[in-house]
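Residues per chain are reported as follows:
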Amino acid sequence: MSYSRIFAIFVRQLFLYKGNPTRLASIFLWLVIDIVQWGFITKYLGTFGQATFGFVTVILGAIILWEFMARVQQGIMMAFLEDIWTQNFINFFASPLKVREYLSGLIITSFASSIVGFLAMVAIAGPVFGYNVMAVGLMLLPFMAILLIFGIAMGVFVSGVVFRLGPSAEWLGWPIPLVLSLFAGVYYPISTLPVPLQVVAKVIPPSYVFESLRAILATGAFPSTLASNLFVGAALSIAYLLMASRFFVVIYRKNLKNGSIARFNAEAL
Amino acid sequence: MNQGTALRITNLTKEYDALKAVDAISFSVGLGEVVGLLGPNGAGKTTTINMVLGILEPTSGSIAVLDRELKRGTSEIRRMVNFAAVYAHMPANLTVRQNLYVFGLLYGVKDLKDRIRTLLKDYDLERFASTRAGILSSGELSRLNLAKAVINKPRLLLLDEPTASLDPSISQLVRERIKEYAVGTKSGVLWTSHNMNEIEAVCDRVLFMSRGKILLAGDPRTLPSEHGKKDLEDLFITVAREPLQLKEM
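First to last, the protein sequences are chains A and B.
When the first sequence is numbered by my numbering, its final residue is 388 and no position is left out of the sequence of numbers.
When the second sequence is numbered by my numbering, its final residue is 254 and no position is left out of the sequence of numbers.
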């Protein structure tokens, strides 16, 4: 692995932000809209029936974490699409750049922009809606780590799909977070789902994060399932990341054989 | 002129289902040598270059760069190779300097800022350093592509129609730059073009390809007369239209 080559992929994206500040909208605009919208919804819900339940911390907190994961996935996909739109694959893959360095560069780029987005969400949700990012203490870190790894896995997987099927397959990548959120228990406990869908939730790592998060906030104590939830969530995320990376490499090799890298551009596919 | 081998290709073949795009070709490019790879559209020139670049996997055969097999240590070998092609665009939304910086990092160029300064001067790009590649003219873009192609001082330079769509004045400038580079650095250059005058002016040797095979090889200044043709263009037309008249190498 060459850090210089990984840095090249990262700095290329940085130049794009520097060269066109409107690109910053991709980091901040939707996040801010989401947080403001859900902030007011949770505030409104909190006015019902002398509620003692912390809607802001539970719902808004879950949405902030979910958005963080979604931004990681979409950040990787966007950085990858950038190379499609600029027809840059030949230049990159004919250079000494290795596939794992390329993926590492995309991941670092996405991680950096997602962290900035996360901090922006927290900066708004705290003062405006009274959200306390540290309500779950240091458990926030493992929760975020699981979501980060799963977001990376999804981003790499979607990039692999686009690499295989062509640029028009990008639309498959955008609704993935929304579809997964149905099963991940972001907005409601997994027990709300019909039993067959609860089975689906069990193979989605974020479901373990959000179940644990809700349990801690509801009782103020760590649930007995916390350790096993963290373990299963982390193990599943890592397994998905390994599978997604393998999938991308297989697609890359397939494209090397059939000539798709040389011909890959927005006009041809 | 030949002081070693920059590129050695042996029995290289690329098949797509029933189609043989490249059919068991063998040739070499010496260090300090400029070799023209000629042939009609679809002859297999770009396929050959893509295999040497490592972005297309051969069906069989071997490629050695500076006597090292490309299959082994592809990344390290690619540090000694670079290319410019009419179809390989530099990212249009980065400036000239940013593009050179990114590719300098990718190719592991030492003293990168100095190297970029030199290239901007050598390729007359200083005033465009902060201009995005997407709004450069064809000539300026070609100079940027060439600057990127030599940023790592490659020992093997692959050029796929580097002067296509350029006016004669800029074409001549580009040719001079490449020739200077090949002679000055004793690097091997593999060059495809449809401009026969250009090939005759620059190349030490030419290879004629048709239907995936190399049909002819030799000195571009003497090859036409050896085959009863008045010039290189006449020979090219024969290769393109009546390849069976010529005996395969």
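Take these hints with a grain of salt, some might be off.
For lysine-lysine, the following DSS-like pairs were computed, each having C-alpha atoms within a straight-line distance of at most 30 Å [said to hold, decoys possible]:
#: 1; chain 1: A; residue 1: K217; chain 2: B; residue 2: K76
#: 2; chain 1: B; residue 1: K126; chain 2: B; residue 2: K76
#: 3; chain 1: B; residue 1: K234; chain 2: A; residue 2: K217
#: 4; chain 1: A; residue 1: K376; chain 2: B; residue 2: K76
#: 5; chain 1: A; residue 1: K373; chain 2: B; residue 2: K218
#: 6; chain 1: B; residue 1: K76; chain 2: A; residue 2: K137
#: 7; chain 1: B; residue 1: K115; chain 2: B; residue 2: K218
#: 8; chain 1: B; residue 1: K184; chain 2: B; residue 2: K234
Derived by calculation from the structure, the hints in this document are not laboratory data.
Now the hints, each set against the structure:
no. : hint              : result
1   : A:K217 <-> B:K76  : 14 Å, holds
2   : B:K126 <-> B:K76  : 36 Å, violated
3   : B:K234 <-> A:K217 : 47 Å, violated
4   : A:K376 <-> B:K76  : 14 Å, holds
5   : A:K373 <-> B:K218 : 25 Å, holds
6   : B:K76 <-> A:K137  : 38 Å, violated
7   : B:K115 <-> B:K218 : 40 Å, violated
8   : B:K184 <-> B:K234 : 27 Å, holds
In this structure, the hints that do not hold are numbers 2, 3, 6 and 7, in rising order.
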